[in-house]
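Each chain, letter by letter, is given below.
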Amino acid sequence: DAGVIQSPRHEVTEMGQEVTLRCKPISGHDYLFWYRQTMMRGLELLIYFNNNVPIDDSGMPEDRFSAKMPNASFSTLKIQPSEPRDSAVYFCASTLGGAGTQYFGPGTRLLVL
Amino acid sequence: GNSVTQMEGPVTLSEEAFLTINCTYTATGYPSLFWYVQYPGEGLQLLLKATKADDKGSNKGFEATYRKETTSFHLEKGSVQVSDSAVYFCALRALSYNQGGKLIFGQGTELSVKP
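Here the protein sequences come in this chain order: A and B.
Residue numbers for the first sequence follow the numbering used here, beginning at 7 and rising by one.
Residue numbers for the second sequence follow the numbering used here, beginning at 8 and rising by one.
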């Protein structure tokens with residue numbers, strides 16, 4: 007299996023622009039997680055899905071952030087409008103079952119100028 | 008609430024030195040415990056895990072024992088190599104109806120091993 011795939015790997019944008027991050031989980035996995043990693047706050051869970059349904063979005067920082075999972079093989083995390091403080095590495099992870107091992111993608115490094 | 012505390016880094020060691028990275032946790036019930044490793048520019052990879060008290064997880068020479076009495080899960084390796092240089096994350100997972108197995112991570116400990 008190719009593992010969890012994320013795109014783009016790097017994104018540089020200007021403040022106010024819309025940013026869309028993409029994730030393809032491992033085939034057959036039924037949980038998908040979005041994390042954000044920063045020096046100041048470490049690794050934070052933003053939202054997770056089970057069978058394409060959002061279960062817990064309490065980590066989403068504010069209304070500028072939204073996430074969707076239209077099908078079992080694709081999820082997006084959108085920031086609109088983006089701000090410099092959104093600069094971070096965003097990771098997607100997937101697992102089979104709530105007790106399964108989480109497999110992480112390589113991350114998207116976002117820089118908002 | 009659930010939380011994980013790791014010793015602060017960076018930790019710098021010489022090759023073949025003994026490594027300990029401390030991790031303590033706070034959780035209700037009986038969480039599963041994990042160590043993840045992040046190499047530069049990459050995502051996190053599971054290093055080892057333990058799912059119940061007194062379990063020992065081990066992989067690639069690393070070990071950690073789930074100590075419920077001290078709520079700890081310290082990571083150890085007897086002889087580190089330059090290739091072990093990375094950031095190490097301790098994490099817990101407390102399964103419940105409304106938590107669905109989400110991981111709670113510590114802040115990470117950077118390890119640098121010099122030749």
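Errors might be hidden in some of the hints.
Unchecked claim - Restraint-style ranges between C-beta atoms, simulated for each label pair:
| # | chain 1 | residue 1 | chain 2 | residue 2 | range |
| --- | --- | --- | --- | --- | --- |
| 1 | A | Q23 | B | S65 | 41 to 49 Å |
| 2 | A | G34 | B | E76 | 22 to 30 Å |
| 3 | B | T27 | A | M46 | 34 to 42 Å |
| 4 | A | N57 | B | T77 | 31 to 39 Å |
| 5 | A | R115 | B | S65 | 28 to 36 Å |
| 6 | B | T58 | A | F80 | 25 to 33 Å |
| 7 | A | S72 | B | S21 | 27 to 35 Å |
| 8 | A | S72 | B | A60 | 36 to 44 Å |
| 9 | A | S33 | B | Q52 | 17 to 25 Å |
| 10 | A | V18 | B | S119 | 42 to 50 Å |
| 11 | A | P76 | B | F25 | 45 to 53 Å |
| 12 | B | S119 | A | A78 | 38 to 46 Å |
Because the hints were derived from the structure by calculation, they are not lab data.
For glycine and all other residues, C-beta sits at the position ideal for the given N, C-alpha and C.
Outcome of the hint check:
Distance hint check: the CB atoms of A:Q23 and B:S65 are about 47 Å apart, consistent with the given range 41 to 49 Å. Checking the proposed 22 to 30 Å range against A:G34 and B:E76 shows it is violated: the Cβ atoms sit about 38 Å from each other. Judged by the Cβ atoms, the range 34 to 42 Å given for B:T27 and A:M46 is violated: they are separated by roughly 26 Å. The hinted window of 31 to 39 Å between A:N57 and B:T77 holds, with their beta carbons roughly 38 Å apart.
The hinted window of 28 to 36 Å between A:R115 and B:S65 holds, with their beta carbons roughly 32 Å apart. For B:T58 and A:F80, the hinted distance range of 25 to 33 Å is satisfied, since their beta carbons lie about 31 Å from each other. Taking the beta carbon of each, A:S72 and B:S21 are about 48 Å apart, not inside 27 to 35 Å as hinted. Judged by the Cβ atoms, the range 36 to 44 Å given for A:S72 and B:A60 holds: they are separated by roughly 40 Å.
For the pair A:S33 and B:Q52, the supplied restraint of 17 to 25 Å holds, since their beta-carbon distance comes to about 19 Å. Taken as a hint, the range 42 to 50 Å is violated for the pair A:V18 and B:S119, whose Cβ atoms sit roughly 28 Å apart. Restraint check, A:P76 to B:F25: a C-beta distance of roughly 50 Å satisfies the suggested window 45 to 53 Å. Checking the proposed 38 to 46 Å range against B:S119 and A:A78 shows it holds: the Cβ atoms sit about 40 Å from each other.
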